Amino acid sequence: MSDQQVTNKGIMPSRLTTALVEKQRKPPLRRQFAALLRHVVLIIVTIAFLMPFYWMLISAFKENTMVFSNPIKWFPNPIRWQNFPEAFNYPGFPFLKFLWNSTYYAGMVTLGTVISCSLAGYAFARLRFPGRDALFSLTVASLMIPGIVTFIPVFLLFKNLGWLGSYKPLIVPAFFGNAFFIFLMRQFFKTMPEELADAARVDGASEFVIFWRIMLPLVQPALIVMSVFTFLWTWHDFFGPLIYLNQQDQYPLSLGLYAFRSRRSTEWGLMMAGATLTTFPLVILFFFAQRYFLQGIKLTGLKG
Amino acid sequence: MASIRTPWSKISPLHRQEAWTGILFTLPWIISLITLMIYPILDTVYLSFTEYSVVEEPKWVGLDNYKEIFLNDASFKPAVSNSLYYALLSVPIGLVLSLALAMLLNMRAAGIGIYRTLFYLPSLVPPVAATITFLVMFEPRGGLINLFIRMFGISAPSWFDDPVWAKPGLIIMSLWGIGYLTLVFLAGLQDVPTTLLEAAEMDGANAWQKFRHVTLPMMSNVILFNLVMNVIWSFQVFTQALVIGGTNGSPLESTLMVMVLIYRNAFRYFKMGYASALAFLMFIVIMIITALIFRSSDAWVHTD
Chain A
-12 MSDQQVTNKG IMPSRLTTAL VEKQRKPPLR RQFAALLRHV VLIIVTIAFL
38 MPFYWMLISA FKENTMVFSN PIKWFPNPIR WQNFPEAFNY PGFPFLKFLW
88 NSTYYAGMVT LGTVISCSLA GYAFARLRFP GRDALFSLTV ASLMIPGIVT
138 FIPVFLLFKN LGWLGSYKPL IVPAFFGNAF FIFLMRQFFK TMPEELADAA
188 RVDGASEFVI FWRIMLPLVQ PALIVMSVFT FLWTWHDFFG PLIYLNQQDQ
238 YPLSLGLYAF RSRRSTEWGL MMAGATLTTF PLVILFFFAQ RYFLQGIKLT
288 GLKG
Chain B
3 MASIRTPWSK ISPLHRQEAW TGILFTLPWI ISLITLMIYP ILDTVYLSFT
53 EYSVVEEPKW VGLDNYKEIF LNDASFKPAV SNSLYYALLS VPIGLVLSLA
103 LAMLLNMRAA GIGIYRTLFY LPSLVPPVAA TITFLVMFEP RGGLINLFIR
153 MFGISAPSWF DDPVWAKPGL IIMSLWGIGY LTLVFLAGLQ DVPTTLLEAA
203 EMDGANAWQK FRHVTLPMMS NVILFNLVMN VIWSFQVFTQ ALVIGGTNGS
253 PLESTLMVMV LIYRNAFRYF KMGYASALAF LMFIVIMIIT ALIFRSSDAW
303 VHTD
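Which chain is which? The protein sequence lines are A and B, in order. One point on numbering: in my numbering, the residue at position 237 of the first sequence is 224, and numbering is uninterrupted. So the mapping is simple: my numbering equals the position in the second sequence, first residue as 1, plus 2.
Be careful, since some hints might not be right.
[Claimed, not checked] Straight line, CA to CA, 25 Å or less: simulated DSS-like cross-link-like pairs of lysine-lysine:
1) B:Lys273 to A:Lys146
2) B:Lys79 to B:Lys69
3) B:Lys69 to B:Lys273
4) A:Lys84 to A:Lys155
5) B:Lys273 to B:Lys61
6) B:Lys61 to A:Lys146
Please keep in mind that the hints were generated in silico from the structure rather than gathered at the bench. Quantities reported herein were computed from a predicted structural model and do not represent experimental measurements.
The task is simple: from the sequences and hints, build the whole structure.
Quick look at the structure:
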């Protein structure tokens, strides 16, 4: 009996493999052609999609007069590396300072969001307390509220607190949570085995210890997804810094770039160097955290 | 087990710690919901009936702001029609294009993962940097796009210098940012059971029939999600419009979106009451459109 099982297991995959190999070894001409066609389409669409990206990058290495040269210059000649050091030290527009400001802003918001949303998400998923379901419904409903109907009173509130001209109105709210990520974390915590927590409870562990030592390590992938997206979206944020900050040396990259474009509108080479600098840290982040990006989109998109 | 509706006094001491922890963990979020969501919505409505210049206290003026908007504000009509033009074109085109791209990326082809990665790259570019890149590419005389168009002997438009072509330029730009929508669709497509598609193929369905009768119904909930999100985003488009047209919506108010008009009134003229009235109107419009989409979804979204 057991022998037969072994042989069965041995035969089944090998038969399948042979069939697969057969299929791959002799693809009909039509199949080959279809595969080729797919790649041609994919490559054309990819090139079209990446063109602005490429253009931003090469324009950052062009002299001002070369940015709009006719005929099309697909590669900068000569390569002008100085655009970057010049942008870094541009009087009134310290791009290196902007880079630090963006990092600080996105980093702090990420920290706040991770703390507040994992706590609230866990409570909604796992802790029983009066009013929980009503509160959660309200949280989900608030996802549908466009920012347009809240930003003026929120601005006035922070103004009355004397917080204008600082990063406080941009960072402090993150420590109080965000409906979208609370929702995401709740979905994640829901999938964790309840028995673990119950066993710890019987052993007399406090609720905080259960959360901190048992549950939080289990949802590490979700924490990374949340961090990566919060960082990305905060780095992209333009409207917040625009209304709350007023000193140019406080600006994050996006706002600094906007100010540069408004006042030095002919310095195209430097402007593109600034744009590249604004984008590049995110590209590096993306390549390190790629699988979390894709996983995150799957989660945030479908379950939202 | 204590259910959520159990009165506080009946919660057993064992579960009391759990309940307290739940309240403690969600407390920051409750504060945030009240101060940054519920109160601001109500305050926006209140402020919309006042005249409020920030320096003085809000003064009740009844419906004056609304009368002013509909009867005297020469910028209101262009802003509304610009926003509608933008949303009505960028939303459907963006949805169709991102679904097509997702299907392209869902094909079985060698190295498809690399294409998926590359397609997400444009979504990483911060809006300000992306807009400046498009300004360079769409520059009427020496920009890449027009040099390319002229290679075919066609006369090229002046894009952001021409009131007629500025909005199409903005819409093309919005299509560059569909990476997120595409990946949400892609995640949805991967959840369409292949057995269904194979069954349809057995029954002799061609590619279009498989798409129309299997893929599309199976994807309808994802389409609904992307549609609603895209509508909400499109009506609040701000950064791209501000970078291109400034607060005046140059050229000739052709890029003046409602959000830019609200920003101008609130932060240039400090007419907070008036800006609140505009914001509240816009909120109502977005809510009505979202509600209509949800109502219609009963007819076309398959839930199972």
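_Violating hint indices (sorted, rising)_ = Failing hints: none at all.
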